[in-house]
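Asks: Listed below, chain by chain, are the residues.
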Amino acid sequence: GDSVTQKEGLVTLTEGLPVMLNCTYQTIYSNAFLFWYVHYLNESPRLLLKSSTDNKRTEHQGFHATLHKSSSSFHLQKSSAQLSDSALYYCALSGRGNYQLIWGSGTKLIIKP
Amino acid sequence: EAAVTQSPRNKVTVTGGNVTLSCRQTNSHNYMYWYRQDTGHGLRLIHYSYGAGNLQIGDVPDGYKATRTTQEDFFLLLELASPSQTSLYFCASSEGWGLNYAEQFFGPGTRLTVL
Chain A
210 GDSVTQKEGL VTLTEGLPVM LNCTYQTIYS NAFLFWYVHY LNESPRLLLK
260 SSTDNKRTEH QGFHATLHKS SSSFHLQKSS AQLSDSALYY CALSGRGNYQ
310 LIWGSGTKLI IKP
Chain U
3 EAAVTQSPRN KVTVTGGNVT LSCRQTNSHN YMYWYRQDTG HGLRLIHYSY
53 GAGNLQIGDV PDGYKATRTT QEDFFLLLEL ASPSQTSLYF CASSEGWGLN
103 YAEQFFGPGT RLTVL
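Protein chains in written order, with my numbering: chain A, 210 to 322; chain U, 3 to 117.
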């Protein structure tokens, strides 16, 4: 069945360093869509960005990701981490066509001064 | 005004207790979802629905019932609560499927503690 893997459960970085959170997926659907959600403490999870066509970069709020179907990946990146980026990040797949999102287990990002 | 609301925001009950969590959405979305969030497991789907009277089983349904009474309202029922159901519960809604319709909008969450 469909699945999403986020290998890192916890990523700790110093402010100003680049961020890369890994997301790989498995699905039989050639037209799968990928999403990144962000969950700040004491708030609701919300959409950060969503995939576009194969090999096309999408950007939002300083973050970017590129869907690579050849490697089944949709890694989240940011050039320079800020303290306010500390949050839980989820990668999610819409691939089955039955209205569920398949969620990764999440990566907690902690940015230190 | 918030489009997905949940009540109560916090709930403490005892083992064997009966709990109902409520969710209302004003997005006019067809799909609604109940998740639980636990450290190390992320978001796990309990039940979901694609319209009033419809119910679909999610990935972790044991111990939970759900009912969708209207397009707006989706309830999660724990009839014999157990400590393993202590968690943060989120309700969400979406329009449908596809890149522009699958985005899920989440409520503020309900923190449930079962003693």
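Some clues are possibly wrong.
[Unchecked claim] Quick list of simulated restraints, FRET-style, between CB atoms: (1) A:Lys278 - U:Thr88: 23 to 29 Å; (2) U:Thr22 - A:Arg266: 43 to 49 Å; (3) A:Leu250 - U:Leu82: 37 to 43 Å; (4) A:Lys278 - U:Thr15: 44 to 50 Å; (5) A:Lys216 - U:Pro110: 27 to 33 Å.
Don't read these hints as lab results, they were simulated from the structure. Ideal Cβ positions, reconstructed from N, Cα and C, are used throughout, including at glycine.
Asks: For every hint, state whether the structure bears it out.
Replies: Hints, one by one, checked against the model:
For the pair Lys278 of chain A and Thr88 of chain U, the beta carbons lie near 40 Å from each other, so the given range of 23 to 29 Å is not met. Roughly 45 Å separates the CB atoms of Thr22 of chain U and Arg266 of chain A, a value that falls within the hinted 43 to 49 Å. Range check, Leu250 of chain A to Leu82 of chain U: about 31 Å between beta-carbon atoms, so the 37 to 43 Å window is missed. Lys278 of chain A and Thr15 of chain U have their C-beta atoms about 46 Å apart, which keeps the hinted 44 to 50 Å range intact.
A hinted range of 27 to 33 Å for the beta carbons of Lys216 of chain A and Pro110 of chain U is consistent with their spacing of about 30 Å.
The structure is inconsistent with the numbered hints 1 and 3, although it conforms to all the rest.
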